[in-house]
Structures are given as structure tokens and as C-alpha cells.
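Participant: Protein sequence lines correspond, in order, to chains A and B.
Quick note on this note's numbering: the first sequence kicks off at 1 and runs consecutively.
Quick note on this note's numbering: the second sequence kicks off at 1 and runs consecutively.
Fair warning: there could be bad hints in the mix.
Identical copies go unnamed one by one, so any copy, or any two together, can satisfy a pair.
Computed cross-link-like contacts, SDA-like style, restricted to lysine to any residue with a CA-CA straight-line distance of at most 20 Å [claimed, not checked]:
hint	residue 1	residue 2
1	Lys281	Arg158
2	Lys98	Gln386
3	Lys19	Leu9
4	Lys19	Val163
5	Lys83	Phe195
6	Lys320	Ile164
7	Lys320	Gly80
8	Lys320	Pro78
9	Lys236	Arg15
10	Lys117	Ser325
11	Lys320	Glu309
12	Lys385	Asp154
13	Lys320	Arg68
14	Lys6	Pro86
15	Lys117	Phe195
16	Lys98	Asp148
17	Lys155	Phe235
18	Lys116	Ala322
19	Lys116	Met192
20	Lys116	Tyr94
21	Lys320	Phe79
22	Lys117	Asp346
23	Lys83	Phe364
24	Lys281	Gln55
25	Lys236	Met1
26	Lys155	Glu172
27	Lys147	Val89
These aren't lab readings, by the way, just hints derived from the structure by calculation.
Small disclaimer: the values here were computed from a predicted structure and weren't measured.
Protein chains: 2
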Amino acid sequence: MRITPKAELEHRCARLQGKMAEAGIDAVIILQNADLFYFTGTIQSGCLYLPVEGQPLYLVRRDAGRARMESGLKEVIPFGSPKDVPRIVAEFGYPEPKNIAMELDVVPVGFFERYKKVFPQALFSDATPLIRQVRMIKSHYEIHAMKDAADQVDKVYRRALEVIREGITDIELAAELEYVARRNGHLGHIRMRVFNGEMIFGHTISGTDTAVPAYTDTPLGGVGPSPSFGQGASFKPIARNEPIIVDFAGSIDGYLVDQTRVFAIGGLSERLVKGYEDMVKVQELMMAIAPSRPTWGALYESCRQLAVEMGYEDSFMGAKGAQVSFIGHGVGVEIDEYPFIARGFDTMSLEPGMAFAFEPKVVFPGEGAIGIEDTFYLADDGTLKQLTYSDQRLAII
Amino acid sequence: MRITPKAELEHRCARLQGKMAEAGIDAVIILQNADLFYFTGTIQSGCLYLPVEGQPLYLVRRDAGRARMESGLKEVIPFGSPKDVPRIVAEFGYPEPKNIAMELDVVPVGFFERYKKVFPQALFSDATPLIRQVRMIKSHYEIHAMKDAADQVDKVYRRALEVIREGITDIELAAELEYVARRNGHLGHIRMRVFNGEMIFGHTISGTDTAVPAYTDTPLGGVGPSPSFGQGASFKPIARNEPIIVDFAGSIDGYLVDQTRVFAIGGLSERLVKGYEDMVKVQELMMAIAPSRPTWGALYESCRQLAVEMGYEDSFMGAKGAQVSFIGHGVGVEIDEYPFIARGFDTMSLEPGMAFAFEPKVVFPGEGAIGIEDTFYLADDGTLKQLTYSDQRLAII
């Protein structure tokens with residue numbers, strides 16, 4: 001079990017303060033769990049008040065004792081409600097903030113209004129773009145946690161090789177794999193930032209179910225156990241000669257990696273086998289280009305272009321009409337971080353420290369989907385390193 | 001697998017429309033997954049536009065085909081963005097809404113602003129209290145799904161009896177129980193409405209860990225596998241003569257029940273055994289009072305009063321300084337629904353159709369916690385029925 005080192009937290013807060021100074025923001029008030037974990041090292045009920053200069057103030061309703069034990073931040077202060085914040089800020093000698101940023105993509109209206117009320121003179125803006133920019137550059141410490149998550153997901157992959165057999169249902173297979181992950185420290189919870197983003201361990205889906213579109217912002221969705229959770233594994237029994245997709249997020253100490261491998265009993269159609277080989281080629285192209293630090297959008301376009309040239313215009317990243325406009329997504333504390341390897345993200349480039357999952361996939365309605373996914377990061381020396389490492393070959397059982 | 005019947009959906013929408021008319025609201029725009037599931041029968045990316053009179057319009061970005069298959073609502077309309085809503089509303093001949101309600105406790109500021117922009121003349125208010133009031137009255141259909149969830153959680157209880165042994169860790173035990181639940185259709189996801197509410201299957205915790213306060217709004221929290229998820233099972237090995245708490249939420253077809261049972265290898269201290277018996281007495285008091293339809297707050301106060309009289313003022317519902325101000329919470333699609341059996345809820349009374357978990361617990365820091373939890377509902381004939389039914393005795397192994 002890791003306790004985030006004090007130096008990590010100080011460095012993270014200082015980097016956000018640097019971006020706040022550039023943007024003319026006096027204070028950021030952080031409320032959301034993933035951001036609290038990143039900047040404080042723990043998640044207790046409360047908020048982090050980060051002034052543009054000076055020590056961050058971690059205001060904790062519950063539980064202040066645990067916050068003191070688990071957080072390396074110097075100032076952990078018990079508090080009752082947003083009403084207390086201006087007083088505490090003044091007590092620490094910080095000026096009254098005129099420009100406050102909050103996480104407007106995730107904080108509900110009702111919570112936001114309470115903070116607006118206690119700082120009636122302030123202007124409010126969205127802190128999330130700045131927070132995302134800080135969080136997108138991983139430290140060695142973070143990469144180390146993600147390597148442990150990659151070990152976990154490889155155990156899941158190996159277990160899939162053992163338990164896949166004709167007649168087992170997708171949800172039974174999912175249960176087996178989740179069991180292995182949990183015994184190896186998986187939190188049992190995947191953080192997804194986007195509103196309404198619901199994700200469990202991943203998607204374990206087989207056959208034509210792999211080609212069913214879902215509400216999730218993912219190339220493959222699955223049917224799920226019921227319309228109340230219409231994604232991932234259903235009660236469908238696994239048959240011979242169909243793709244079995246294990247898209248699984250490893251999770252250790254708050255850090256994620258994402259990996260997809262495809263299994264089949266017997267074998268697969270020529271079209272699916274070729275689709276798999278072609279998606280590996282898209283991955284290889286990405287690996288060749290990434291070290292040149294293209295913009296996220298340019299990397300997306302180059303890889304999509306190859307898929308189109310290989311004949312997948314209508315099947316790449318989803319069935320026609322349900323295609324998503326990304327091939328990769330940053331991972332770390334959340335499954336949907338910067339960088340977005342996606343259409344239109346033309347202003348930001350890949351940089352050392354960025355970690356992302358890359359998942360070229362094709363979908364043939366009525367037949368099935370196929371593809372591959374691994375998690376990568378750009379190292380300090382500019383080379384692209386692969387974090388997930390399970391055998392990349394189609395797993396024919 | 002259940003598909004919510006059309007008549008259920010129509011009745012639910014009509015009930016919300018009745019409350020809208022009383023409150024002077026022209027339209028409710030529903031965005032959040034749990035509410036979408038309740039009012040549409042599925043969860044696709046999009047929104048439900050419910051006018052105070054007329055058919056609800058289910059506007060779906062992704063996937064409209066699935067929405068048509070899974071939802072019994074008549075009007076499923078593909079749409080691209082909030083900008084399209086006024087045009088679609090006009091096309092259906094509905095008047096331009098002047099008073100719009102949205103789920104302000106859960107919708108993030110950024111999403112809300114987009115809807116505000118497309119209805120610049122409208123006044124906006126919070127739809128959640130009305131939605132909660134509709135959802136708090138369960139139909140026979142819903143109670144039936146919850147009975148299935150109670151069967152699932154009983155299987156979990158029985159499995160705990162089989163696998164608890166000295167030396168197994170809390171997280172290993174949790175993995176075993178989650179495995180059983182998943183194989184029996186558990187969605188793997190517990191919906192919690194409150195911002196930052198994170199919940200997996202429940203809390204499997206033992207020994208002094210049961211008395212550790214957490215950020216969760218629960219009487220017991222647990223240490224968790226890391227500060228990144230500081231609740232529930234940790235890597236602590238289970239020992240003899242300590243409480244092993246299995247607080248588990250069953251989940252079938254989108255419906256939840258909540259049950260807590262306590263196990264021990266060998267036995268427990270006199271204080272803990274007495275604590276358990278006394279918490280059963282608090283439960284019995286609740287069962288005796290509930291049919292008289294007290295206010296939620298009055299029911300809370302009566303039960304808390306008994307706990308205080310039995311000497312638990314400083315240990316009831318949390319250790320001193322970390323006590324929560326509720327003993328029960330509504331359950332259904334979410335784990336934190338109306339009714340709240342909690343301090344201060346003095347205006348609303350128990351009514352037939354209300355379902356809730358009731359969880360009297362005591363916490364002794366440094367020793368452990370103990371208590372019981374079951375899920376109940378008030379039937380049409382005014383009697384209180386118990387949904388969860390695992391053996392209520394302390395399970396001494």
C-alpha cells in the first residue's frame with residue numbers, strides 16, 4: 001500500500017499554482033474525489049483550498065484524523081461547511097480571492113451555489129483544464145503504481161486463459177476475472193470523470209454482443225446484465241469460433257491501466273483475424289509516430305487514416321453510426337484523463353510523462369468486434385514505453 | 001432480466017407530472033443515469049424531456065436503437081446536443097417552457113449552463129425533491145426486483161459462512177462474496193446519488209478496522225485497500241474473537257437491497273454480544289413503530305432514544321465525533337433514496353410503498369463495531385414487511 005509522498009504532493013500543488021498564476025486565478029477549490037486524492041494523497045469529505053501562493057489548506061469534515069495520517073500536506077483543518085472557508089482563509093493571512101476556479105465539469109450545481117454564496121464578490125471559472133494539465137504529466141512514482149496495475153491485469157489475462165470454455169457465460173467469466181483482480185488489490189472501483197460515466201472492472205463480452213453499441217463512450221459496449229446497466233458482460237454463453245473480448249482496467253493504489261486482449265475457442269473468421277492483425281498495425285504506427293510528439297489530434301488522424309486505407313472506414317472504433325472519435329485516452333487516477341488521442345485536439349502535443357491507453361478496434365455488426373489495447377507512456381528520454389505487457393497474440397484456446 | 005413494463009413507466013411519468021403541476025413547473029429535463037433508468041426503463045446517453053402535460057420525449061444521442069428496444073416510452077428521438085431541444089419541443093407542439101426543473105444536486109455546472117443557454121427566458125429550479133418523492137413509493141414490480149436482490153444477498157451470506165476462516169484477509173473474503181454476487185447477476189455497480197458518493201458491493205471489514213471512521217456517509221467505514229479508496233475491505237487478516245462485518249448491497253435489474261450480518265470465529269466479547277442484542281432491540285422497536293406511519297425524524301428519534309437509554313449515546317451510529325445522524329436510508333435504484341430515517345426529517349411520514357434499509361450499529365474504537373441491517377417496506381395494507389431474510393443470529397463459526 002502506497003502513501004503518496006509529501007514531495008509528490010508539494011510538487012503537484014506547486015505545478016497547479018504555476019498554472020493558476022499564468023491564468024490569473026487567486027484560488028482553486030477542489031471538491032472531487034479523484035482530484036482530492038491527487039493533490040492531498042487521501043480522500044476525506046471536505047475540500048482543498050489552494051491559494052496561488054502559500055500552503056494549500058485541506059479542510060476536512062470527515063475524517064480529519066485520517067486526513068492527518070494519510071495526507072502529507074502540512075495544513076489539515078477540521079471544518080463544518082463552505083461558510084467556514086472565508087474565515088479560515090483569512091486566519092491563514094491569505095487575501096480574499098477575487099478569481100476562484102472550481103471543477104465545473106463535475107461539481108453539481110447545488111454544491112457550486114453554496115461556494116458562490118460564501119464568496120459573493122468573486123468571479124468563478126473552470127479549474128478542470130488546469131487540473132487536467134497538471135495531472136496528465138505522470139511522475140516516476142505514478143508510473144511505478146501503474147506498472148503494478150499492469151502486473152495485476154496480466155494475472156487477469158492468465159486467468160482468462162485458464163477459465164474460458166464453451167458454455168461459460170460472459171458474466172461468469174467476468175466474475176472469475178474480477179475475483180483475481182480483487183484478490184490482487186483492485187479497488188473494485190474505476191474512477192471516470194465524465195458526468196454519468198459508470199465503469200466497473202471493464203468489459204468482458206463475446207460473440208455478436210461485442211458489436212452492440214452502448215451508452216458508454218467506448219468503441220465497444222456490450223449488452224450488460226440488464227437495461228439498468230447496459231454495458232459489459234451479459235448472461236450470454238460463450239461459443240466456439242467467436243471473439244471473446246476482455247477489456248480490463250487494472251487498479252492499484254488509485255492508479256489505472258487499461259488493456260484489451262481477444263480470445264477464441266477454436267478460431268475466428270478470416271475477416272476477424274485480419275481485423276486483429278490490422279489493428280496491431282495501427283498500434284505499431286502509433287508507436288512509431290508518438291516519439292515525434294505529434295499533437296493528439298494529428299496522432300489520431302494518422303492512425304485513423306491507416307485504418308481507413310485498410311478498408312475500415314465504416315467499422316473503425318465502432319459500428320457505422322456509433323463510431324467514437326478517439327482511439328486513445330489518458331489514464332492515471334481516472335480512466336478518461338488527458339491526453340485524448342481524438343479528433344480535433346490539435347493544440348496540445350504528446351509530452352514526456354503522458355500516459356495513455358491506445359485501443360484500435362473494429363466492429364462488424366452481426367459478427368463481432370476485434371482489436372487490441374495497451375497502456376503506454378512517453379518516458380523522459382522521449383521513448384515510448386509500454387506498461388501493459390500480456391501476450392499480444394490472439395489467444396486461440 | 002427485466003424490461004420495465006410500459007405501464008410502469010407511464011405511471012411514473014404521470015406521477016411526476018402531477019407533482020410538477022402542483023409546483024408550477026412546465027418541464028423537467030432529466031439527465032442522470034438513475035433517474036433516466038427509472039423514467040425510461042433504460043440508460044442511453046441523452047435526456048428525458050417531460051412536459052407537465054403530454055408524452056415524455058426521450059432524446060437520445062447514443063444509442064437510439066437500444067433506447068427503442070429497451071424503453072417502453074412512445075417517443076424516442078435521436079438528438080445531437082442540448083441546442084436541438086427547443087426545436088424538438090416545438091415540433092411536438094409543446095409550449096416553450098417558462099419554469100424548468102433539473103436535477104441540480106447531481107448535474108454538473110458545465111452541463112447545466114448548456115441547458116440554461118438554450119432556454120434563456122426560463123427560470124430553473126431543482127427537480128430532485130419531486131423526483132425523490134415519486135421514486136420513494138415503490139410499485140409491486142419494484143418490490144419484486146428487490147426480493148430477487150434479497151435472494152442474492154442471502155447467497156452471499158451463506159457463502160460467507162463457508163469461507164470465513166482465520167487468516168483469510170478482508171479483501172479476500174470480499175472477493176469471494178463479490179464473486180457469488182456477480183455470478184448471480186449483481187451489476188457490479190451500486191448507484192449512490194450524493195456527489196462523490198463511491199460505493200462498491202459493500203463493506204467487508206473485521207476487528208478494529210470496523211471502528212475506523214471513513215469519508216463515507218455510513219456508520220462504519222473501514223480502512224480500504226489504500227488511501228485512494230479508504231473504505232471497505234483492507235488486507236487485514238481475520239483473527240479469532242473479533243467481529244467480521246459483512247454489509248452487502250444486493251443488486252438485480254437495477255434494484256438494490258442492503259443487509260448487514262456479523263460473523264465471528266470462536267466468539268465475541270460480552271460488550272459486543274450485548275451490543276448486538278441491543279441493536280436487534282432497536283430494530284424491533286422500529287418494526288413496532290413503523291406501521292403507525294411516524295415522520296422519518298420521529299422514527300429516528302424514538303430509536304435513537306432507546307439506544308441512548310441502553311447506554312450507547314457516544315457509540316451509536318459511529319464513534320464519538322464521527323457519528324452519523326441517520327439510522328436508515330431509502331433504497332431502490334440508488335442506495336441513498338427517500339425516506340431518510342434521520343434527524344430533522346420531521347415533515348414527511350412513512351407511507352405504504354416506501355422501502356428502506358435500517359441499520360442500528362454501535363462502534364467501540366479500538367475494539368470494533370457491531371449491529372444489524374435489513375431492508376423493509378411498508379406494504380399496501382400498512383404492515384411492515386422485511387425483504388432481506390438471512391439468519392439474524394450472530395454467526396459464530
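Participant: Against which earlier hints does the structure fall short, listed by number upward?
Facilitator: 1, 2, 4, 6, 9, 10, 14, 16, 18, 19, 22, 23, 24, 27
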